[in-house]
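Next come the chains, spelled out residue by residue.
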Amino acid sequence: MKMEIPKEEHMGPGHLACAGCGSPVGLRLALKALGKKTVIVIPASCMSIIVGGFPHSAVGVPVVHVAFETAACSASGIRASLDMQGDTETTVVAWAGDGGTFDIGIQALSGAAERNDDFIYICSDNEAYMNTGIQRSSATPYLAWTTTTPVGNPKEGPKKDMMAIMADHGIPYAATACIAYPEDFIRKVTKAKGIKGTRFIHLLTPCPAGWRIASNEAVKVARLAVETKVFPLYEIEGGNVYTITYQPKGIPVEAYLSQQGRFSHLTTEQMAAIQENVDRQWDRLVGRCEGRLH
Amino acid sequence: MKKVVSGNKAVAYGVMLSRVQVISAYPITPQTTIVEELSRFCAEGELEAKFIKVESEHSAMASIIASSVTGSRSFTATSSHGLALMHEMLHWAAGARLPIVLVDVNRAMGPGWNIWTDQADSLSQRDTGWIQLYCEDNQEVLDTIIQAFRIAETVSLPVMVVLDAFFLSHTSEIVDIPDQEEVDQFLPQFEPQYPLNTGEPRAYYGMVPPDYYMEFRYKMQEAMEETVGVARNVDEEFGRQFGRTHGLIEPYRCEDAEAVMVTSGTVTSTARVVVERLREEGIKVGLLKVKMFRPFPMEEIKGVLKGIEKVGVIDRNISFGHGGIFAQEIRSTFCNEDERPIVFGFIAGLGGRDVTPAVIEEVIHYTLNKSRPEEEILWIDLKR
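Residue numbers (the numbering used here), protein chains in the order written: chain A, 790 to 1083; chain B, 23 to 406.
Note that these hints are calculated values from the structure, not bench results. In this text, a Cβ means the ideal position worked out from N, Cα and C, and glycines have one as well. Be aware that a few hints might be false.
Facing chain A, from chain B, some residues (calculated, C-beta under 8 Å) [said to hold, decoys possible]: (1) 111; (2) 219; (3) 231.
Let's have the full structure, built from the sequences with the hints guiding it.
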């Protein structure tokens, strides 16, 4: 399905992201879908730097910087305040990193989701604390290198299943997305914009510095994450209606892992274990889509 | 209209009369009945406000910071551990220059668990950039909340209104509840200085480099200095409209006193009775109630205590490793003065222990009878 990506821009070229970063691609696309009547809430994250410091802003909509763990409840506060002033038109969007979502911000996010507060929450996931220099978060994949999971002491557990956690709050809409699939992402943001309540989008945004890839490889590697089924594109409506929105080719995970320095220490056996886990997760997702599993 | 209400209910009436638009709070003893009462006001339509029932005090403060920057008059209430959990966001609210009003029902900090009154919670937040006002009775609580919004919205700093756990929060007194119309005249609608508006997009609270940061902090101090005069004017205007004032400080029978006791909160009411009685016996003792703790009204305090030989400060708090916090503030107020009182620092009433008339009398006699304190910290009513 071919779609027109809106020409309007709400993000300027003078942002402060590292060369080749996936995050500003994501924010730029999201703002195209969201339009001018949007307020962006940004907790401590790479994006706090990317959009620019005082007295500048690279974003053409109001930006409210908030404390690390408060993206969701800050969005709740802005929503309540706009409602009190009779402004039901403006969309409130929290834009947080994986650390701010999976770890330190999960309490406030869970609280807001349980209340079904009316905002869109986009987690821009680069799979570690990249702003502080590549430390593991609970979004870091199994066995990935970071500065706090050096090769001799790898991350033993899997990536936290944030989508399942959000879906189990029974929120009206949750979706995964990836910067390498702009049409899919824009369609999901547009769909989310039309729904009331807590909407969650889990967006994969590669970090060249942290993933140990070249600065021209973020989109290519992001696409491989989807095509290998490591990061499937799907949506969940009402907490239990699952739909895969892009059918991946299902190429071996090695094609994805071998591109990245953070996985360069993996043995053949470890690659096989990752493949096995990806296959199992995919089967579970398909089962949920078919209504066999919940 | 006069009603018999608890301190917490007086808080709820103050919030309702101030036409607060967004409330966000989390229950904690002894603040809980404030939250219950406000929930009821919102549910029954007596107060037209959004009440966000958050999952923690940290989120309570974060969400009203957000609602305040979006232009709504915003309020929360808490106690003790709840206030401590908010600490990070208290800095944020003040640094963001938002006119938020918070009620803290003074409660001791654990461990061990203690739900009774002392000032450890609020005084631990001394350096966050919040204005702090300590109330003595339920009328003052209600009036101070209305005044607090006026002060906050004038100087763009948040205000913490403090009342003692149980002695006020759960004790009923006669309170004159003003008419809504009159409060509306006194406290007009909140008009934010830099409203959040998609038509005129701004970025709020982004990265500030060393080139600018100090100037932002200087402006906060300037606003604090301005607050003393603003609060005085607001109180006087309140007096003209409602027929009562509370002052930033309140001296009582300090004329020709040989010693003056300094108190805050409900200890003041007990101390006033004791001072009155001792005065009748011919004992030259006075009382100074300190309502405003931040900014510390140094000039006003000097005006009362200058020339007084001895000052006894009753602190329902302690800064471990130094002493009572009000005593420290009084000492520092005078340290560059040629003529300064001898300051006796008493610690009493921690964790809700009663500060009885007998305790206060002991403190007064000690101060009058000794030429100097025998110890830097004088613990009263302590089992050693």
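Hint-by-hint comparison with the structure:
Against a cut-off of 8 Å between C-beta atoms, the interface hint on residue 111 of chain B holds, since the closest Cβ of chain A lies about 6 Å away. Interface hint status for residue 219 of chain B: upheld, as the beta-carbon distance to the closest one in chain A is roughly 7 Å, under 8 Å. Satisfaction of the interface hint for residue 231 of chain B is found here, the shortest Cβ-Cβ separation to chain A being roughly 6 Å, below the 8 Å cut-off.
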